[in-house]
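On the provided structure of chain A, position chain B as indicated by the hints.
Number of protein chains: 2
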Amino acid sequence: MDYSLLWLDWKHREGLPPYTETLCGEVKTGEGKTALRELTAGLQAMRGRASALGSQKERPCLRLEELEADGEGFSLSREGEGMCLRGGGKGLLYGAFYLLRRLALGEDFPEKTSSPAWPIRMLDHWDNADGSIERGYSGRSFFFREGEPVCTARTRDYARLLASCGLNGSCINNVNVKGNALHLLSGRYNRELREIAACLGEYGVALWLSVSFSAPMELGGLPTADPLDERVRTWWRDTCASLFAAIPDLAGFLVKADSEGRPGPHTYGRSHAQGANMLAEAVEPHGGKILWRCFVYNCTQDWRDTKTDRARAQCDTFAPLDGQFRDNVYLQAKNGPVDFQIREPVSPLLGRLPHTNSLLEFQLAQEYTGQQRHVCYLPTMFREVLDLRLRHREERDTVAESIRAVAAVSNTGDDYNWTGHDLAAANLFGFGLLSWDPQADPAEIAREWSVLTFGDDPSVTEAVCSILLGSRETYEKYTVPLGIGWMCVPGVHYGPCPEGYEYDRWGTYHRATCRAIGVERGPEGTGYTEQYAPALAELYRDVETCPEELLLFFHRVPYSHRMKDGRTLLQRIYDDHFEGYEEAEGMARAWDALEGRVPEEVFRRVRERFREQLRSAKEWRDVINSWFYRLTEIPDEKGRTLYL
Amino acid sequence: MDYSLLWLDWKHREGLPPYTETLCGEVKTGEGKTALRELTAGLQAMRGRASALGSQKERPCLRLEELEADGEGFSLSREGEGMCLRGGGKGLLYGAFYLLRRLALGEDFPEKTSSPAWPIRMLDHWDNADGSIERGYSGRSFFFREGEPVCTARTRDYARLLASCGLNGSCINNVNVKGNALHLLSGRYNRELREIAACLGEYGVALWLSVSFSAPMELGGLPTADPLDERVRTWWRDTCASLFAAIPDLAGFLVKADSEGRPGPHTYGRSHAQGANMLAEAVEPHGGKILWRCFVYNCTQDWRDTKTDRARAQCDTFAPLDGQFRDNVYLQAKNGPVDFQIREPVSPLLGRLPHTNSLLEFQLAQEYTGQQRHVCYLPTMFREVLDLRLRHREERDTVAESIRAVAAVSNTGDDYNWTGHDLAAANLFGFGLLSWDPQADPAEIAREWSVLTFGDDPSVTEAVCSILLGSRETYEKYTVPLGIGWMCVPGVHYGPCPEGYEYDRWGTYHRATCRAIGVERGPEGTGYTEQYAPALAELYRDVETCPEELLLFFHRVPYSHRMKDGRTLLQRIYDDHFEGYEEAEGMARAWDALEGRVPEEVFRRVRERFREQLRSAKEWRDVINSWFYRLTEIPDEKGRTLYL
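Just so you know, the sequences run in chain order A and B.
Per my numbering, the very first residue in the first sequence carries number 1135; after that it's consecutive.
Per my numbering, the very first residue in the second sequence carries number 1135; after that it's consecutive.
There could be a bad hint or two in this list.
[Said to hold, decoys possible] Calculated pairs, DSSO-like style, for lysine-lysine (alpha carbon to alpha carbon, straight line, at most 27 Å): (1) K1162/A to K1246/A; (2) K1167/B to K1145/B; (3) K1145/B to K1441/A; (4) K1752/A to K1772/A; (5) K1191/B to K1162/B; (6) K1191/B to K1167/B; (7) K1772/B to K1698/B; (8) K1441/B to K1772/A; (9) K1698/A to K1772/A; (10) K1145/B to K1246/B; (11) K1441/B to K1752/A; (12) K1441/A to K1752/B.
[Stated by the list, open to error] If you anchor each label on the Cβ, the simulated ranges turn out as follows: (13) E1683/B to P1668/A: 55 to 63 Å; (14) V1677/A to K1772/B: 46 to 54 Å; (15) A1332/A to E1268/B: 49 to 57 Å; (16) E1268/B to H1489/A: 53 to 61 Å; (17) A1453/B to R1745/A: 34 to 42 Å; (18) R1723/A to Q1408/B: 40 to 48 Å; (19) R1639/B to D1571/A: 45 to 53 Å; (20) R1738/B to R1745/A: 55 to 63 Å; (21) R1745/A to E1672/B: 45 to 53 Å; (22) S1266/A to R1738/B: 35 to 43 Å; (23) R1738/B to P1668/A: 52 to 60 Å; (24) R1701/B to M1697/A: 35 to 43 Å; (25) R1639/B to P1657/A: 54 to 62 Å; (26) E1268/B to R1723/A: 42 to 50 Å.
To be clear, the hints were calculated from the coordinates, so they are not data collected in a lab.
All C-beta atoms, glycine included, are put in the ideal place defined by N, C-alpha and C.
If we strip away everything but chain A, and leave its shape as in the complex, we get (with noise of 0.2 Å):
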C-alpha cells in the first residue's frame, strides 16, 4: 500500500485480556460484518494470532450481540471474564473500534454505553474533479483523478478511518462546483458514484455531493435556474429520481449558493430559504437533505464604507429566515462569523436558528492556521467552540447543544500520510471524536491519537501531546493574537502580509492607525456584539469584560490600552510575538528529542516541517512585531529587536 494506516495500525501488545483469544455472536448486516471483520483483524494485529471465532464452552469470549435497532449507538459491557458488544449494525461498527482502540491503550474491560451526538457527522472536502484540492496541503485527491471520480483501495481505508473515530459522512467534491464535477449530477458518473458510495456505506459512511444551484442552466439548458420556475423545479426532481434511483446511498447534496460569486437564488429575487427549500423538495422523496452553506457576504466590498462589518453577513441573511426551511434541510454554518481564523468568536447565527437544522462546520484543512506546515492542534478550539453557552435561554444552550449535524473541511489528499503533516492526522482523529462526543477531552484524544500511532513508549506520548496541546496557542501567539485575524498574505492565505485586507473588496478590516487599532463591533460601532443573546452581547460589547484573546475582534483599542495583567496592548503583542517563536523551538526541540523512539521517515517528514514551521514563525514574529513599530515608534519594553 502507498499509504500509511494512520491510529489504524494496530501495535502488537503483550497481555491483552483472554476473551480477545475468543469471537462469538452472529451478524447479519453489512456494517455488523464489517464490524467483525474489523475485530478479527484488529485483534488478530496486536495478538499476533488469530482469534477463535464461534463459541468455545468455559472459556470466556467477546461476544457480538446484533440488535433490529437502526441507531448507531452500542454498548460495551463485562460478562464474567467476557465482554458483549451490542447494538445494530452500525453501533456494531462503532463499538468495535472503540473496544480495539481501548485495548491498544491497554485497557481491559472498557465497559461503555455511547451514542453520538448528532446523526451527521461528516467531512467536507474541497476536492476538485481536475484532481486538485481548493485549500488542500497534503497532495491531490483521491477521490477523482484526470477529471473523473475514482474508487480505489484508498477509499475504503478512507472509509476506515472515518468510522474508527465516529464520522458517518464525506461530501467527495468542492463546494465551488466547477468543470468535470457539475456531471456529477448529470449521470454521466453514476457508475462511479455507486461503486463509491458502496465503498464508504461498509463503514456506514454516507456519500454527499456538492451541487451547482445553477446546474438547470449549465447542464439542463434551462435559460434560468429561478427555483419558483416550474422548469426549474421540474429539472431538479426529474434529475434527483434518476440519481438517487441509480445511487441508493446518496445522502443529499451540499450547497454554496450566493457566496464569493457563486449563483443562488438573489439572481431572482429569491431568498435563501426558497432556493434551499425547493432542492429540498427534489430530495425528499429520496430521503435526501440539502445542506446549504451561509458563508454569503458581500465579498466586493468598498474599503471606504465602514458601515458594512463582513462578521455582521451571516446572520442578517439567516437569522430572520429562521423557521421557513424544510426539515430535511441543514443550514452550515462556519464555527466563526468569518472565515477559520485561528481565533474568532462563536458565530451567533448558531444560537439564530431554534426553529431550523444546524449544522456546524470546523475546518481541518489548516487554510489560515499554518496549512499543515505548522503544527495546529485543532480539538481544544472545536471543544471551546461546542461548549460556548449561547444564553438565549435560561437552561444550557451550548453550541453542541443547539447544533444538530457537524462538519468539517477535510485536511486530506492523496501524501503517504494522508493529512502532510504526521501530527495533523490527530486532528481528522480529533474531530471524529468531538463529532461522537462533544464531551471528549482534547487532552486525552491526543494521547489516545498519539498511543496508537506511535505505540506506547511515554517520553514519545508526552513529547507529541506537549507539542499538540500547546501548537494553538503557540500559533495563535506568534501570528495574530487577541482576534486580529487576517494578516495574511492574500490569496494564499499562508505567511505574514500586515495590511494584506485592508484596502480590499473581502472586507474584514482592521483600519489600524497609529494610534488603535481594530474594527469596533460594539453598539456604536457596526453593532455585530447585538447578534448575541443579551448576556453575551453584554459581555463581549465592553471592552473591560470581552475576553482578551478577542479584545481586537470586536474592539477598536488604542496601543495604549492596559490589558489585565497591566502590560499596554502593544506590549502584550510584541511578548505574545517573541513568546510564540520560543515556544515554537521549544517544540521543535521536543520532537528532535524523540529521533530513533518514532519511525525515520516520520521523524525526519516531521522534522523537516518544524524548519518550516520555524522559519515562518520567525518571519511572522518580526514582520508583524516590526509592522507595530513602525506603526508606533514604540520600542519593546525589554529591548528586544525590531526591525525599522
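For chain B alone, kept in the frame of chain A given last:
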C-alpha cells in the same frame, strides 16, 4: 488589414509644394528602393494621385541622390523650387520618412542635414515563444504564435513604423528565455528567423535575439556553462557560426545573466566581463554584438538587512569592470538604478563606464506607469534622462553624450492599435525620434504625432498635446510622488499597495513609520549618492539641495519636513494625490470634448481607458492618502476626506 497604420496613415492634404508631383533620381540599394517606394506611396496618399517618376524638364522635382556612404545620415536641401534628398541607402530611408512627416505637418521646404546620435537604436520585446508577452499590455505577440516565430504582413508594417521614426533594431524575444525560445539558437527556426530578418532588413531594422547563458547545457548537453570551459567556448563558437551563416542579417545577442534567477557567469565564479567576452568572441567573426544587461541585484534580500540597497547594486557590480569588456560588448543599463519607476534618478552606472560601450534602456511598456491603461507620455522623462549632466568631466557629459546605444522595452502587441491605449503610440513614436535626435523637443514630438495620427484639426492637436504633456506628472502625483516608488501591488505592478514591497525579498523598501519615510541613501545611509560624480553626489546628498521630485528616493524624511514652498512633506503628499486625480479628470474631460473630431472607434476606445484610469487614480489617491493618514493621524489641512 486587421491593425492600424498609426502615424503612417498619411492623410490627404491640399496645397503640397509642386516638387512633390515628380520624383526623380536613381536608387540602387534595398533601403534606397524602400525609400523610393515609401515616398511614392506616401505622396500618392497625401496628394490623392500618383507622382510622376523620372526627371521632367522645367518642372521642379524631388530628387533622390544615393551616395556610396554606408551611414544612416541624410540631407534634404532646396534646389530652386525642387528638393534634393541625399544619403546612403539607409539615409534615404530615414530622409524619406522625415520629408513625408514634414510635408504632412504642412512644411513646404523642410531643409535638414541629420544623422542619428547612436548607431544602435532598438526595441526590446519581452515576447515569449508561446505568444504571451511579459509585461505586455496590448495583446499577444506578433513575432511568435503557438511556440514558433512567424513572419506576417504585420512584421513588415512593424519595420516601417520603426524606420519611420528612426529606429534600427529589434530584439524579438524575451530576455527571460524559456520554452521554445531556447531553440532560436539551435537552428530549428532558422528559416523563420531568416524571413523575419529579411523583412525587417528591408527597412534597415536589424534582428537581435535574446539568448540563455546556460544554452550550452540546455541545448548542447554540456555539464556546464562556465565561460572559461573550452567545451562551452567551442559550443558557442560553433553555434554562432551556423546561426550567422543561416541568418546573415543577425545583429547579435541580448543576455540577461545572473539576474532574477537567470543563469550567468557568477554560477561558475566568473565575472560578468568573462561571461560577456566569451560570447563576444563567439559572435565577433560574424560582426555580431553582445548586449549585456546590468539589471543585476540581490532579489532574495532579507528585509531586516538595512545595509543592502538595491539601488547600489548595478554600480557596485559593473563599475569596477569598466574597461574589461571587448569592443563588441554593450552594457545595457536601465535609465534608473532600480526598475522603471515613474521617477528615479538617472542610473549612476551610466557615468561610470568611460571605457565600455554603454546602452541606455527605457521602458515603453508602462509596467509601473499605468500599463497602457493610464495615459503617461514618457518622452518628457526620456529627454530629462538624456539631458542630465553626469559631471564626471569638466566638459559637457550628458547621458546622451556618454552612451553608445539606446533601447526601449516595447509597448506593442497584436492589438488592433498596436499599443492597447491609442495614445500610447505617442511613446513609441517619441522614443524613436529621441533615439535619432536626443535634443528633440517632447512637446514638438507630441504635436507631430497628434497631427500625423489625427490630422491637423487644431482643437484636436491642442487637446491631445495638453493631455499628453501633463500626463506623466499627473500619474506621478496620484501614485507615488517625490520618488517614493514601489507602492504598487506586487507581481502585477498595477494599483496601489503601500506596503507591497516592504518585508519582501525584492528590496527597495520605504520603511515608513509614523514619523518618517524613505531609505536614507546619503553617506550616512546606504551611500548610494556617492556612486555619482562629486558634483552630483553633493547635490543629491543634501536634503536641502536634492531635487524635490526625488527627495524620498534619496532620503529618509520626517513628514513634518518643510518643502521649498513651505508645505509639510505630508501635506504635499496629500495635495499631490488630490490634484493628480483632479488633473486626470481634466484629461478625461478634454478627451470627451473630442467626440466627433477623432474617429469614433478611437474615441470610444480611449474613453474606456480614461474610465479605468479615473477608477484606478481614485483608488490610488484614496489608498495612499488614507494610508499616510492612518500612519500619522494628521488630517489634511484643507479638510478633504481621508478614510480611517
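Structure-based check of all given hints:
1. About 23 Å separates the Cα atoms of K1162/A and K1246/A, which keeps this hinted pair within 27 Å; it holds.
2. Straight-line distance between C-alpha atoms of K1167/B and K1145/B comes to about 23 Å, which keeps the hinted pair within the 27 Å bound.
3. Between K1145/B and K1441/A the CA atoms are separated by roughly 57 Å; this puts the pair beyond 27 Å, and the hint is violated.
4. For the proposed pair K1752/A and K1772/A, the alpha carbon gap of about 18 Å is at most 27 Å, so the pair holds.
5. For the hint linking K1191/B to K1162/B, the alpha-carbon distance of about 23 Å falls within 27 Å, and the restraint holds.
6. The straight-line distance between the Cα atoms of K1191/B and K1167/B is roughly 23 Å, inside the 27 Å bound, and the hint therefore holds.
7. Between K1772/B and K1698/B the alpha-carbon distance is near 19 Å, which keeps this suggested pair within the 27 Å criterion.
8. Pair hint K1441/B plus K1772/A holds up; C-alpha atoms about 25 Å apart against a cutoff of 27 Å.
9. For the proposed pair K1698/A and K1772/A, the alpha carbon gap of about 19 Å is at most 27 Å, so the pair holds.
10. This hinted pair checks out: K1145/B and K1246/B have alpha carbons roughly 23 Å apart, not beyond 27 Å.
11. Between K1441/B and K1752/A the alpha-carbon distance is near 20 Å, which keeps this suggested pair within the 27 Å criterion.
12. Taking the CA atoms of K1441/A and K1752/B, the gap is near 20 Å; set against the 27 Å cutoff, the hint holds.
13. Between E1683/B and P1668/A, the C-beta spacing of about 59 Å keeps the proposed range 55 to 63 Å intact.
14. Distance hint check: the CB atoms of V1677/A and K1772/B are about 34 Å apart, inconsistent with the given range 46 to 54 Å.
15. Taking 49 to 57 Å as the suggested C-beta distance range, the pair A1332/A and E1268/B conforms, at roughly 51 Å.
16. Distance hint check: the CB atoms of E1268/B and H1489/A are about 58 Å apart, consistent with the given range 53 to 61 Å.
17. A1453/B and R1745/A have their C-beta atoms about 39 Å apart, which keeps the hinted 34 to 42 Å range intact.
18. For the hinted restraint 40 to 48 Å between R1723/A and Q1408/B, the CB-CB distance of approximately 46 Å keeps it satisfied.
19. Under the hint 45 to 53 Å, the C-beta atoms of R1639/B and D1571/A, about 47 Å apart, fit the expected range.
20. One distance hint, 55 to 63 Å for the beta-carbon pair R1738/B and R1745/A, holds here, with the actual separation near 57 Å.
21. Range check, R1745/A to E1672/B: Cβ separation about 49 Å, and the 45 to 53 Å hint holds.
22. Look at S1266/A against R1738/B: about 40 Å separates their beta carbons, and that is inside 35 to 43 Å.
23. Judged by the Cβ atoms, the range 52 to 60 Å given for R1738/B and P1668/A holds: they are separated by roughly 58 Å.
24. For the pair R1701/B and M1697/A, the supplied restraint of 35 to 43 Å holds, since their beta-carbon distance comes to about 40 Å.
25. Checked against the given bound of 54 to 62 Å, the beta carbons of R1639/B and P1657/A, roughly 44 Å apart, lie outside it.
26. Checking the proposed 42 to 50 Å range against E1268/B and R1723/A shows it holds: the Cβ atoms sit about 45 Å from each other.
The earlier numbered hints that this structure contradicts are 3, 14, 25.
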